[in-house]
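Engineer: The listed protein sequences derive, respectively, from chains A and B. Heads up: the first sequence at position 326 corresponds to 326 in the working numbering, and the numbers run straight through without jumps. Adding 1000 to a residue's 1-based position in the second sequence gives its number in the working numbering.
Since the hints were derived computationally from the structure, they do not count as laboratory data. Take these hints with a grain of salt, some might be off.
Said to hold, decoys possible - Residues of chain A placed beyond 12 Å of chain B at every Cβ, according to the derived structure:
id	residue
1	Glu17
2	Asn47
3	Lys69
As the list claims (entries may be wrong) - Derived CB-CB ranges, DEER-like:
id	chain 1	residue 1	chain 2	residue 2	range
4	A	Asn76	B	Phe1208	24 to 32 Å
5	A	Val170	B	Lys1018	52 to 60 Å
6	A	Ala103	B	Phe1139	44 to 52 Å
7	A	Gly14	B	Phe1139	24 to 32 Å
8	B	Phe1124	A	Asp64	49 to 57 Å
9	B	Leu1285	A	Gln133	26 to 34 Å
10	B	Phe1124	A	Lys20	21 to 29 Å
11	B	Gly1287	A	Lys20	52 to 60 Å
12	B	Arg1151	A	Gln133	43 to 51 Å
Please read these numbers as outputs of a predicted model, since none were measured by experiment. Heads up, the beta-carbon is just placed ideally off N, CA and C, and yes, glycines get one too.
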Amino acid sequence: MKTLKIEELSKNFGSTEVLKKINLEIDEGNFLVLLGPSGCGKSTLLNIIAGLETINEGDVFIDDYNVSKVEPKDRNIAMVFQSYALYPSMNVKENMIFGLKQAKTSKEKIQEQLEKVSKFLQVDQLLERKPSQLSGGQRQRVAIGRALVREPRIFLFDEPLSNLDAKLRVEMRREIKKLHQQLKTTVVYVTHDQTEAMSLGTNIAIMNHGVIQQNDTPEKIYNKPSNTFVADFIGSPSMNLIKGVLKENSGDLLFKVSGSNLEIPIKDYDFKDKSNLNNKEVFFGIRPEHIFFKKFNESDFEINLRADLSEYIGHEQIMTFDYANQEVLAKFPSTIKIDLGKETKLYFDLTQASLFDAQTEERI
Amino acid sequence: MQDSLKSTSYQQLEQKSKYTNMFLRWFLYFILILFASYFIFPLYVMVVTSLKTMEEIRQGTLLSWPSGLNLESWAVAWGGRGYGAGDTFLRPYFWNSIKMVVPAVFFSTFIGAMTGYVLTKWRFKGDQWVFLFLLFGCFIPFQAILLPMARTLGVLGISNSVIGLVLVHTVYGIPFTTLFFRNYYISVPTELVKAARIDGAGFFKIFFKILLPISAPIIVVTVIWQFTQIWNDFLFGSTFSFGEAAPIQVALNNMVLSSTSVKEYNVDMASAIIAGIPTLIVYVLAGKYFIRGLTSGAVKG
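Please model the entire structure based on the sequences and the hints provided.
Structural biologist: What follows is the structure in structure tokens.
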């Protein structure tokens, strides 16, 4: 039994297709992050799961029960919003128990839940306060508390941290992580922040233009992006994508850029399909953090590139190199001194490299 | 040497700017006082005249001070002279106006709040057209709808009655009240409504429990606006009612324009003030909120 299952879901606003045949499954206790640029449909998908938006095609199942036409309050879900959406005229206590009261829960049960949750979230001292008298972090806690008291099957989070300042955001992120570890509830979490997605999710679904590009564990998403969009979207700076062709040379495969004698051997790469590789136009993908200034692994590939630009950002520096008129970025500790305008010896960790078809932009 | 030279010239400049500032300040006060007197002057004349006897009015000037607190003309304006025919006084019409204004303000405000709530939080296909047509209602010259409205009231059997006026004022208040509430609610995060829906609250519960409690500023604005409009209305009152059912503004007109006897300026002035007092009270009591409501922005949750 899947806690949440979405089948062939499509949604359009007028003539704009927002979601195109989405399929998604979440196991009990998993933390799924919907990640993507703004306008990719991730919030719409969340609203559909909540029942706040109607569906054009497809179905949503919670615990194998089709809830597509079920009212939000009867779906056994709770949602935390970006603007917290605390009821301004009610104090913290009234905010937290509003849902239970609507559901005609007994007074004793309400009191019990309120005490338990407010202690757990450390808001038990704030119960009489109005939302306007709370700090951003406290409001966020109360909003989470309001979701918790209902003991839902699924928690929905809609960019809950993006209204907080940078420091508080990191703190609250840890708290949400802790919360999930302790309660082991199923969560669907929408964000456009890849760090949040990586650190929180047990699964990440990357969306673009209403399509799920890749749904995997954070490690897989980072190491084996399924297409150039995912490769480019995840990581900062994002993965270097060098355009070139694959050449077969007496049984060995080489990556070459036309008009340059630079070539990179492709040896133990895990191809999906080994046929027709010769002369294939590809993107060679390597992350800035997998380019080294000295040999770390025996298999590292040595290459000479000209350093063009250095960006110092404190604990590290981002260097831009020239690879046959294509930019290649690398991330080094800021203590390393590299002369600009000169050829520099670099080492590519080829075990971390990715190859994408230049036409379809899919991983090969 | 040079230093001291410099410092004297700075001192001179400082002096000069001080005088300029002082002059500008006094000039500013002068202008303000001038404008204030311009607005206060008619009120002064009204109050002073209402306290004079006819004798004093004939002999004194417009601005002269009354001899004492002579409230007789106020009593006449409010309660009449006590003889039968032709004695017009304001009391019954004042209550007519109250009976008209209270329900009309209540219903138009309430309906406007509801409409604003629907137009912002329960969007439906074509809602912007509905809003556009409602806005259109704000710009219709009311003279244009007098005849069809008279017919409608006739068909409904409520012409020449306070109820008829309540209906007319409610209907023509809705475009304005809707505009006010719609503009206020549009700044209220829609996520509040979503949260309440997930919590299990329905259409009316969300309105009464979540939105209405945070609408105080805009309710005040709307009430003041509607109260002033309806209380001061003369057009609808004079068209759709006469005699016993007339509101105070119509009665005031009849009283002042009745050519039966000598013009009693003191009574006229007292009547005019009586007719204006309720709006004044509303402004004084709620004016603070009026400004706040007009300028209030997003509601932070």
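Engineer: Taking the numbered hints from earlier one at a time, note which ones the structure violates and give those numbers from smallest to largest.
Structural biologist: 2, 8, 12
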